[in-house]
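Peer 1: Below are the chains, spelled out letter by letter.
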Amino acid sequence: MISHTGYLVVAAVLFGIGAAGLLIRRNPLVMFMCVELMLNAVNLTFVAFSTALKDVGGQVVVFFVLVVAAAEVVVGLGIIVAIMRRRPGADADDLSLMKG
Amino acid sequence: MLAALSWVQALTFGLASLIVIMGGIGVVAFRNSVHNALSLVATLFGVAVLYVAQGAYFLAAIQVIVYAGAIVVLFLFVIMLLGVDKVESLAKERKTASLLIGSALGAGFAVMLLFAALAGAGRGAPTGAPSVTGVLDNTKDLNNIGEALFTKYVFAFELTSLLLTIAVVGAVVLSRKPSGDPIDLDEFPPVESGTADSEPQEVES
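Residue numbers (the working numbering), protein chains in the order written: chain U, 1 to 100; chain F, 1001 to 1205.
In short, the hints are calculated from the structure, not lab data.
Treat the hints with care, as some may be off.
16 angstroms max Cα-Cα, derived EDC-like pairs, lysine to aspartate or glutamate [as the list claims (entries may be wrong)]:
#1 1095(F) x 94(U)
#2 54(U) x 1137(F)
#3 1095(F) x 72(U)
#4 1095(F) x 93(U)
Covered by chain F, per the in silico footprint, the following chain U stretches (three or more residues, Cβ under 8 angstroms) [as the list claims (entries may be wrong)]:
#5 9-18
#6 25-37
#7 72-82
Every residue, glycine too, gets a C-beta built ideally from N, C-alpha and C.
This is chain U alone, in the form it adopts within the complex:
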């Protein structure tokens, strides 16, 4: 049986990759994907501790994180579509203003 530490290590590396990608990439779509990577790393940590502690709370939290992530992606991609229609090829550097 793999101990929970192995899962925590994988989650830590995945979170680091996601954070680095969020900082490096400029395409808003890819930045969103990196946010999803970080969310998955945290979910993996929750499930690892849920299994190690024999506590269902971690899995319930992961369920809610999944729901909120789905809603977040829908709204975020809607915003990206709205921005890209007005300004094709925009990246994160072009979107520093809080106006259309």
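Starting from the structure of chain U, add chain F where the hints point.
Peer 2: Showing chain F alone in chain U's frame:
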């Protein structure tokens, strides 16, 4: 028998972890947005396998259906809709300073988390009383989650339905065709690349 089982478990863990890490690197490193999205699918499937390895069968199914089935398809749909499925120019994307700083900060995050994860490595499983949510029985995780969702977390569960409704309405409102004077034309001159519907419309106000 037990030794064989643990060997299979170790192999599963190793392969799934490799897929997760390689997919994550692919999301960050590939230049083509479609390749990024497909790498994300690999990562999400790997995470689902790791859920199964820990006995979280319900979450693994939800992970595949919601993430790989819905969210990544939405990503791909938006990529195709916007027509950004071409290789980005390296000069625009690659900036050495941000590459260095971003990699350093990401590595720093990972090292901090690894330090925290490995600090308790030699001490066996974590201990503690179960929270108010309840005890997990790995043979019937769906029963446990359902009971917690519809008793202790029923209010939060109902609120998520409201959240999803708001998200759907918000997405419809946001992705309507824009009207009016679009952008600051001095700072961002309009792009004439065959995008007739995105040209600034003449509005006399």
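Peer 1: Each hint needs a verdict: does it hold in this structure or not?
Peer 2: Do the hints match the structure? See the list:
A C-alpha spacing of about 15 angstroms is found between residue 1095(F) and residue 94(U), which places the hinted pair at or below 16 angstroms, so the restraint holds. Distance restraint check for residue 54(U) and residue 1137(F): the Cα-Cα separation of roughly 7 angstroms lies within the 16 angstroms cut-off, and the hinted pair is therefore satisfied. Taking the CA atoms of residue 1095(F) and residue 72(U), the gap is about 29 angstroms. The hint is violated against a cut of 16 angstroms. Between the alpha carbons of residue 1095(F) and residue 93(U) the distance comes to roughly 12 angstroms, so the proposed pair stays at or under 16 angstroms and holds.
Restraint check on the stretch 9-18 of chain U versus chain F: 10 residues with Cβ-Cβ distances below 8 angstroms, three needed, restraint holds. With 10 residues having a beta carbon nearer than 8 angstroms to a beta carbon of chain F, the stretch 25-37 of chain U meets the requirement of three or more and the stated coverage holds. Beta-carbon proximity to chain F at under 8 angstroms applies to 10 residues in the stretch 72-82 of chain U; the threshold of 3 is reached and the given coverage holds.
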